[in-house]
Amino acid sequence: MRYVALLPEALVVFTALLVVGMGRLVPSVGRRYMAWAVAIVLLIAFGVELWAGGVLTTYFDGTLVQDRFALFAKAAALGIAMIAIASTDWSAEDSLHFGVAMPLVAAFGVMVAASATDMVGLWAGLELAAASAVVIVALRRPDLGLRLLLVGGVASALLLVGLAFVYGSTGNGNLSAIHDVLLNRMPTIALAIPTLLMLGGVSLRAGLAPFHIGPLPIGLGASPLGAGLVFGLVTVAAAIVGIKLFAALTPAPALFTPAAYVVAALAMVGGGAAALAVRSPRPRMAYLAVSQLGWVTAGVATHYRSGFASSLFLLAAFGVAATCGPVVLGRADAGETAITGLGAVRPLRAAALALAILSLAGAPPLAGFFGELSVAAALAQSGNFILLGLGLLGAVLSLVAAIGTLRVLYIQGPIEDSRRGGAPLAPAMTSLVTVGALVFSVVIAGYGLFGQPILGLADQGAEALGLR
Amino acid sequence: MMPIVFFAQASPTPAPAPGAGLFTSPFLLSLLIWVPVAVAFGLAFIPNPRGRYDTLIKQIAFFTLLPLFGLLLIAYNQFENFLPTMQYEEKINWLPSIGVTYHLGVDGPGMAMLVLSGLAGVVAALASWGIRERVRSYFALLLLAQAAVTGAIVARDMFVLVLFWGASTIPLALLVVGWGGPRRVAAAWRLVGYWGLGTAALAVGVLILYAAAGGTSFDMDNLLKSGSGLSTRVALGASVVIIVAAATRLPLFPLHGWARDVLAESPPGVVVVVASAASRLGAFLLLRVLIGGEPGAAQLLSPLLALLAALTVGYGALAALRTVDIRHAGAYLALVPGGITVLGIAAVSPLGIAGSVLSLFTGGLAAPLIACVCATVAERAQTRSIPVLGGLGPRMPNVAWLFVIAALALLGVPIMATFATEIMTFFGAFRTQPIGAFAVAAGLAVTAVALASLLARTMFSAPNSNAPGVSDAAPGEVWYLGIMAGALLWVGLFPGGPKIPGTEVPLFDPGLISQISAGVSDLAAPFVAPTAPGTPAQ
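Sequence lines, in order, name chains A and B.
Positions 1 to 468 (the numbering used here) are the ones given, in order, by the first sequence.
Positions 469 to 1006 (the numbering used here) are the ones given, in order, by the second sequence.
With the rest of the complex left out, here is chain A (with noise of 0.2 Å):
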């Protein structure tokens, strides 16, 4: 039983270098039904991780632990994978073998880093969720595609030294060591550098304001898969390390929180202000991801068990819509006039990409309400009251930018071709993408409605970091 708990590891793994290899060998055989069999698979790798996933053991010499945090991190990763490869259009993506199977090592990115132990393995599941992303840009894109690298690697070298750093300062790479040692210490300029070289590290990976401007234009130019990686999946490992390190720094809160308030209102402000500002419809979900981000940012900030549940809770709705919310887009990602009126004409697809947008921008009763708001009552409980009025007004804006996006989906007829300046109309979904969107669409309405199991696991995994 102890090792069933690694069978999701072993199903994403093997189905991608199984998909890498078919794409290079035989790459006519099965090309209609593979996204079918991945979407499967990983929903099998789902099914096991829930049921065996509730083992409290380690593997490798310590090196990866299986606690109720891997278990939410992981069933989360896999849950947001397996929606997204469904909800893809695959005619609006450049190669169907490593567009299914980028995802996955996205995916196990995120399972690497969420049962790490060390720094040294947060690190590999950053870079590993991190290389598909750079992969899949560059499919499209080289030039992104470096661009991506370029900022991923000032990312990773910001994060190495804080690690090195956190390593020298406290001689041990191991978080809960390093956790025990913090418990004695006073906090000093020598951690509160190499914190700082973190944040700045997981900040710029994640596309957190103002450090959004790394990544959030590759994003914009990436196929929509692409883009859903770079804004949702690489973002969901990049917090994940956020959240692990800081959990293992909570003894010394001075270390990490007024950076991290700091991040966290220009994330939430900004990011709302800057949805405003833009009209078209990725743009303005890239946007809307920051400002939720900064919210995940403000629990974290609490230095609070309460706070990191609620931003572990709001990480996985924030997870599915921005990983999905470009892919549901499609190839309607041309302007404003590309999506004009697609309520009357793809019914469906608008009503995925209404939600995505509302979810992102807070708004009721869809699954981001209900993390914002989770993530409120923390701020609330710890006297945060100047972070959590910053982070409502930012949510205010989100929602006049989403009702904005909302009125041409719903409000505005359908234009003809030609005045549609170039755009092509997304096409009608497939099967497959039916079923994507419809189990994208129930997860973000459904969220909140039966949220206790998931914000208790995720109050569960907040507790195996080690906080009160």
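Since the hints were derived computationally from the structure, they do not count as laboratory data.
Backbone N, C-alpha and C fix where the C-beta goes; we use that ideal spot for every residue, glycine too.
Over the 10 Å line for every Cβ pair with chain A, so calculated as not near, a few chain B residues:
| no. | residue |
| --- | --- |
| 1 | Arg-520 |
| 2 | Lys-526 |
| 3 | Ser-699 |
| 4 | Gly-859 |
DEER-style ranges, computed between Cβ atoms:
| no. | chain 1 | residue 1 | chain 2 | residue 2 | range |
| --- | --- | --- | --- | --- | --- |
| 5 | A | Trp-51 | B | Ile-514 | 38 to 44 Å |
| 6 | B | Pro-515 | A | Trp-36 | 24 to 30 Å |
| 7 | A | Phe-450 | B | Gly-510 | 18 to 24 Å |
| 8 | A | Ile-213 | B | Pro-994 | 52 to 58 Å |
| 9 | A | Ile-213 | B | Ser-699 | 40 to 46 Å |
| 10 | B | Gly-764 | A | Phe-450 | 35 to 41 Å |
| 11 | A | Trp-51 | B | Arg-600 | 50 to 56 Å |
Which stretches of chain B does chain A cover? Using the computed rule of at least three CB atoms under 8 Å from a CB of chain A, they are:
| no. | stretch |
| --- | --- |
| 12 | 552-564 |
| 13 | 622-632 |
| 14 | 676-684 |
For this one, chain A is given, so just place chain B on it according to the hints.
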């Protein structure tokens, strides 16, 4: 005079309606919320090529809201007004990790709001019969808005309240932007901006109370009970942001910026929903949280509330007097009932509070009635310009009658339900807030002048030969306006419900004043003046 005597008692004990309490349902309130949501989703996915099923969609929406309103009337009839506790209560643990329960329930004020909301839903569906474009989306959004407003009324958990309060903004904004007049885009953004600000303020207020109560539960039973133990500073902070939230909804000056454009640009069905229950939620929130939960802060802030009430009534009346656009005039006049409601709350006395509770219902009908009558005049006369209109009375007699009834309702003349409201409110307020009450009364006098001027210029002056052609209201318009006017007359004539002749036994309607008493005495209890032993309570 019956209502005044009735509420002047510190602990009114209304005669229970025979047979009350026979009907109970553990799912009644959930049905009222979720059936419209389910039907809205059903409508959204009905194939409707080239509007082929437009009429069917309208019928589905109407015949969803009508039986629900019938069910609500049974619940109203069966409401046990001698019990101060919540009724038709539903309580399920939802997110226990952060203390959220799916807790619904109604007391007397809640029942008044619920009946108003149900009636507004039916009237809004009737008023929307003329919608021709994107009928499926329109009625789906209307049902969603209706469900959200109902949810906010019956919520007994602050998290659930914030959820429904915020959720009502989105469908209403889309209705305004999709089916409104020439300035619809600006109107919708203003609505989203102000109501979004209000939602944020409500969330802050709720979270302050939540944190102060230990951060374990969002349940009103817990938060509003513990509120009395808050430090004055915290209680004042929470109360001020709650007042901001309420002021954006009701609306109150100076946070009324959305009202003119939204009420003047929206189609009549949307005006009914917005100006009735959706906006009365603001005053309902003040009653629930400020009066019910923070009586100390309410006492301290009552002069501020009286000031806001006076400014709102005065501004609405003066702006209506100056404007040359009849729909703007209707929108400004629709601000007046909200000011009177808040004056009752500012009175912080049992009589004033009872008046404000009754005013939730009466103001929630008078405001949409005046705004919709003005919309009908503009529609039927093909112009919104008051100088162009003239002598319409003989040419549109139905509208003229309804206009006069709306004006009388707004002014609170006897036989209209607003009479009881205003007399209770002013009697309650002149004792505790004499300056505020005098200012509101002066504003009401200016309102009378504005209404008289409006009626004289549009209905009873010489006809303008250069004006476009005029027609009387269509039967559908007469129906929906008539239902609102009829409800105001009914409650005005039978505030305690019609009785079997020669007895005190009520017929089918136990009377709105009797039914709202459940809960009002609880709300007003902290404000009852202490009486010397042996003297009757005042």
